[in-house]
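Trainee: We have chain A already, so just place chain B on it with the hints.
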Amino acid sequence: MAEPPSAWRDLRRFTAARVGLGRSGNGLPTRVHLAFQAAHALARDAVHAPLDTDALARDLAGLGLAVSSVRSRAPDRATYLLRPDLGRAGNADDLAALPREGGTALMVGDGLSATAVQRHAVPLLASALPLLGEAAPRRAVIATGARVALGDALGEVLGAELVIVLIGERPGLSAPDSLGAYITWAPRPGRTDAERNCISNIRPGGLGFAEAAATLAWLVAEMRRRRLSGVALKDERPAAPSLPG
Amino acid sequence: MGFAHTLGGTRFAFDTLRDLLAKATPFRSGDALAGVAAGSEAERVAAQHALAELPLTHFLDEAVIPYEEDDVTRLILDGHDRAAFAPVSHLTVGGFRDWLLGEADSAALAALAPGLTPEMVAGVAKIMRIADLVSVAAKCRVTTRFRNTLGLPGTLSVRLQPNDPTDDPRGVAAAVLDGLLLGAGDAVIGVNPATDSVANTIRLLELLDMVRERYDIPTQSCVLAHVTTTISAIEAGAPVDLVFQSIGGTEGVNASFGVSLALLADAREAALSLRRGTVGDNVMYFETGQGSALSAEAHHGVDQQTIEARAYAVARRYEPLLVNSVVGFIGPEYLANGKQITRAGLEDHFCGKLLGLPMGVDVCYTNHADADQDDMDALLTLLGVAGVTYVMGVPGADDVMLNYQSTSFHDALAVRAALGKQPAPEFAAWLDRMGIGASGLAIPPALSPALIGLG
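Chains as they are written, first to last, in my numbering: chain A, 1 to 245; chain B, 1001 to 1455.
Same shape as in the complex, but just chain A (with noise of 0.2 angstroms):
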């Protein structure tokens, strides 16, 4: 009797979350205990998955994109993962090849999943760039060993009135490939996360990239016109429909 009725089975049509799973006792049915196995085993092998950067770099400037690259300090994937801080500093040769031209800057950082990163960047990127008009940024800059903040030392070095940065969220179970936006005005390392202005779970079956590039163009229009980013600027715009009755 571990199998769950039809009614409730059908819970799922709504969601990609586990419903409807059924219960052996208090426990999972064993299918449904070794399909989440699997999913996990997946999503530790995605967190040490290299990024692509010649790919990367081809399919950037394919959107007209100049293309430049920087390293982090953190030497390997096992030394990234436990230090954040060298995640957050660029390799000092790299930052001092990239040019000051202002406008947007554009971080492009492998993150937890450079499979988001391979896949989502650049469909977002194509949907988003005529959206920001003269607020797009010409140069993607491609971080390897990368954490969010490693944009506030690109941004400053770029002398950036703002940056994205787009980078890949930790792995979940059923979504290894969540794309995360990050935009923060006048970029400098020591920004804070209430200084920044996120939007999450960017792929297909989590937040389109229509929508996404849709937010991501509506606060950046609103960063520059206010001249701020974080906590102060919400997104303001009347939310979709409710779900009727």
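No false leads were slipped in.
To spell it out: a stretch of chain A is covered by chain B in this simulated footprint if at least three of its residues, at any positions, have a beta carbon under 8 angstroms from a beta carbon of chain B; those stretches are:
(1) 39-46
(2) 81-89
(3) 166-174
(4) 196-208
None of these hints come from the bench; they were simulated from the model. On a predicted model such as this, the values are computed, not experimentally measured, just so you know. Note that CB positions come from ideal geometry on N, CA and C, so glycine has one too.
Mentor: Showing chain B alone in chain A's frame:
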């Protein structure tokens, strides 16, 4: 004033209370990252010896972060109740450990809570084993109320966490129904919004309130948006039961979360003004977690477990309904593996309970930490024995919005059954009335999915 202890022929000296507490802490990656951990196993145990000899009164004379620099320190010292402290004021930290394990009973511990500072509690935790943390916490009784009664002896409550990657109302509603059918939701039905906007928060609040009213559930709902978002939602007339906020143990980490003590007080007043509680008026819900201060570069050289305990001093000022550490969420740079997460979860529960909080734990890990479901099963069972007020209930243990693994509705049922625990009494009566559990895997007619728009 300094502290010292000789161990194995080597004399180890510690300049300050802050240094002593940090060096005495069982190893975790976050303290190593901050550069405050002991340099050797011998130094760690020497610090524990020196800490055990320290009179508890010393904690009232030496602050780990200066009074002038930090409003959490001022909150702790200005709010200390000397009369409540009197029964243990003659003890050292080591003597306090013996007292907690021995003669202290539930009534004595409840009376003592206002007389304890977070640093005292963190200090004694550092010289305790897991078994000690469990057995002392199990003697603590903390009861809070809003639409039901949480924390009664023999109960274990569950936050139903129906997160959705896009805040899709049908996705949230489906996860809520799944959880209710598996007996979860007495602590709160609480959604983390994917997008922290006022309009989206109001939409989710209205959804949760509709579900609660359609099924007539004696529980409370919460959208875990930023406190300023929730205040705006209250001003717009939204049905807000609880105000949520992440908090930490220094003024700087709270600033990094975009909050101040005054803002939290304003938020509580706003929620109280709605008078939505039916059996009590505990209206605040806080989450914490070791490592947040270091993450915000606001740790002042204090170890992460001591700062975590200081966050509980912030929490208790606002008489919360719920407080939980999200113990494994922050990542391996703070708690690297199952062993570190397990100990930290039990420390946090122990410290919160001793300070008088309705302490729950989000037993959890991320996929970049070296941990798995076996580690969570062990910690959940230990916390159940320790009398944890509530744990999380996430469909299949997999949070598809926040991308981490917590405990499932099934896990909560299993630990309740193994330990003979019940839900909050009002909620248990509702489960009986609705026929949940009695009919196995069927959906009772009173919980028809169509009633909440899932046709």
